[in-house]
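In the order they appear, the protein sequences are chains A and B.
Quick note on our numbering: the first sequence kicks off at 2 and runs consecutively.
Quick note on our numbering: the second sequence kicks off at 102 and runs consecutively.
Everything labelled a hint here was simulated from the structure, so no lab data went into it.
Incorrect hints may have been included.
[Unchecked claim] Computed list of chain A residues with no C-beta within reach of chain B, every gap over 12 Å:
1) Leu12
2) Ser13
3) Glu18
4) Lys27
5) His58
6) Arg63
7) Asp67
8) Ser72
9) Ser74
10) Thr78
11) Ala79
12) Asp84
13) Gly105
14) Pro114
[To be verified] Pairwise CB distance ranges (calculated):
15) A/Thr28 / B/Ser158: 35 to 41 Å
16) A/Asp8 / B/Glu211: 43 to 49 Å
17) A/Gln10 / B/Glu211: 36 to 42 Å
18) B/Val113 / A/Thr68: 42 to 48 Å
19) B/Ser178 / A/Lys70: 37 to 43 Å
20) A/Gln10 / B/Pro170: 37 to 43 Å
21) B/Ala140 / A/Asp8: 16 to 22 Å
22) A/Thr68 / B/Pro115: 29 to 35 Å
23) A/Arg61 / B/Ala140: 40 to 46 Å
24) A/Arg61 / B/Arg143: 23 to 29 Å
25) B/Ala140 / A/Ser13: 29 to 35 Å
26) B/Pro170 / A/Trp113: 43 to 49 Å
Glycine is no exception: its CB is placed at the ideal position from the N, C-alpha and C atoms.
So you can see what is in the structure, the chains are spelled out below.
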Amino acid sequence: SQQGEEDPQALSIQEGENATMNCSYKTSINNLQWYRQNSGRGLVHLILIRSNEREKHSGRLRVTLDTSKKSSSLLITASRAADTASYFCATVDRGSTLGRLYFGRGTQLTVWP
Amino acid sequence: SQTIHQWPATLVQPVGSPLSLECTVEGTSNPNLYWYRQAAGRGLQLLFYSVGIGQISSEVPQNLSASRPQDRQFILSSKKLLLSDSGFYLCAWSVYFADAGSGNTIYFGEGSWLTVV
Numbered sequence: 002s003q004q005g006e007e008d009p010q011a012l013s014i015q016e017g018e019n020a021t022m023n024c025s026y027k028t029s030i031n032n033l034q035w036y037r038q039n040s041g042r043g044l045v046h047l048i049l050i051r052s053n054e055r056e057k058h059s060g061r062l063r064v065t066l067d068t069s070k071k072s073s074s075l076l077i078t079a080s081r082a083a084d085t086a087s088y089f090c091a092t093v094d095r096g097s098t099l100g101r102l103y104f105g106r107g108t109q110l111t112v113w114p
Numbered sequence: 102s103q104t105i106h107q108w109p110a111t112l113v114q115p116v117g118s119p120l121s122l123e124c125t126v127e128g129t130s131n132p133n134l135y136w137y138r139q140a141a142g143r144g145l146q147l148l149f150y151s152v153g154i155g156q157i158s159s160e161v162p163q164n165l166s167a168s169r170p171q172d173r174q175f176i177l178s179s180k181k182l183l184l185s186d187s188g189f190y191l192c193a194w195s196v197y198f199a200d201a202g203s204g205n206t207i208y209f210g211e212g213s214w215l216t217v218v
């Protein structure tokens, strides 16, 4: 399976702290994406990093990609209670022309006020 | 701008009954369309994807089926539901870019909660 696997499964922090989530995958990819899901809602795209990129920023989000280790990390700086959600990594197979994304099981992030 | 609509939002169905979930996309043409399922506390499982009208590919064998009767309409069906079909079903769409490394962002609907009793 090409599914990404997030780690940890659950993370609980205080507002203002940084949250780091990791993702590992198994085969060669075109790109890796991170999505967020509020409880009972659809997923929202956060950021996409290509296989030839090592780091990408978007606001308080920082994503790294290490293709040699087949891993990625998502860092949320200065977390807020509104960041409470599940975060999923998803990969697109190298050579894919269909845009199929394979998701992991997600990290449940809880940010306490 | 593009929008995706999915309905019904919530459904409670008895075992053995049929199922029909509908999804439509507005503001784009010839999208790739997807059906995902999310069981409680689990990740997303890709069920079906479609690259055009009448073109459906299945990822996982099951008693579900999908159809794409129009360019921006995607339907998930079952003739007889099983208890194991319970879950959160998400319709999604994407645009394919020539540079596969830059595209493939997927946009999700709000999902349909299905409980089979």
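Results of checking the hints against the structure:
no.: 1; hint: Leu12; verdict: holds (15 Å)
no.: 2; hint: Ser13; verdict: holds (16 Å)
no.: 3; hint: Glu18; verdict: holds (25 Å)
no.: 4; hint: Lys27; verdict: holds (14 Å)
no.: 5; hint: His58; verdict: holds (17 Å)
no.: 6; hint: Arg63; verdict: holds (19 Å)
no.: 7; hint: Asp67; verdict: holds (17 Å)
no.: 8; hint: Ser72; verdict: holds (17 Å)
no.: 9; hint: Ser74; verdict: holds (18 Å)
no.: 10; hint: Thr78; verdict: holds (23 Å)
no.: 11; hint: Ala79; verdict: holds (25 Å)
no.: 12; hint: Asp84; verdict: holds (19 Å)
no.: 13; hint: Gly105; verdict: violated (5 Å)
no.: 14; hint: Pro114; verdict: holds (25 Å)
no.: 15; hint: A/Thr28 / B/Ser158: 35 to 41 Å; verdict: violated (19 Å)
no.: 16; hint: A/Asp8 / B/Glu211: 43 to 49 Å; verdict: violated (28 Å)
no.: 17; hint: A/Gln10 / B/Glu211: 36 to 42 Å; verdict: violated (24 Å)
no.: 18; hint: B/Val113 / A/Thr68: 42 to 48 Å; verdict: holds (45 Å)
no.: 19; hint: B/Ser178 / A/Lys70: 37 to 43 Å; verdict: holds (42 Å)
no.: 20; hint: A/Gln10 / B/Pro170: 37 to 43 Å; verdict: holds (40 Å)
no.: 21; hint: B/Ala140 / A/Asp8: 16 to 22 Å; verdict: holds (20 Å)
no.: 22; hint: A/Thr68 / B/Pro115: 29 to 35 Å; verdict: violated (48 Å)
no.: 23; hint: A/Arg61 / B/Ala140: 40 to 46 Å; verdict: violated (31 Å)
no.: 24; hint: A/Arg61 / B/Arg143: 23 to 29 Å; verdict: holds (28 Å)
no.: 25; hint: B/Ala140 / A/Ser13: 29 to 35 Å; verdict: violated (23 Å)
no.: 26; hint: B/Pro170 / A/Trp113: 43 to 49 Å; verdict: holds (48 Å)
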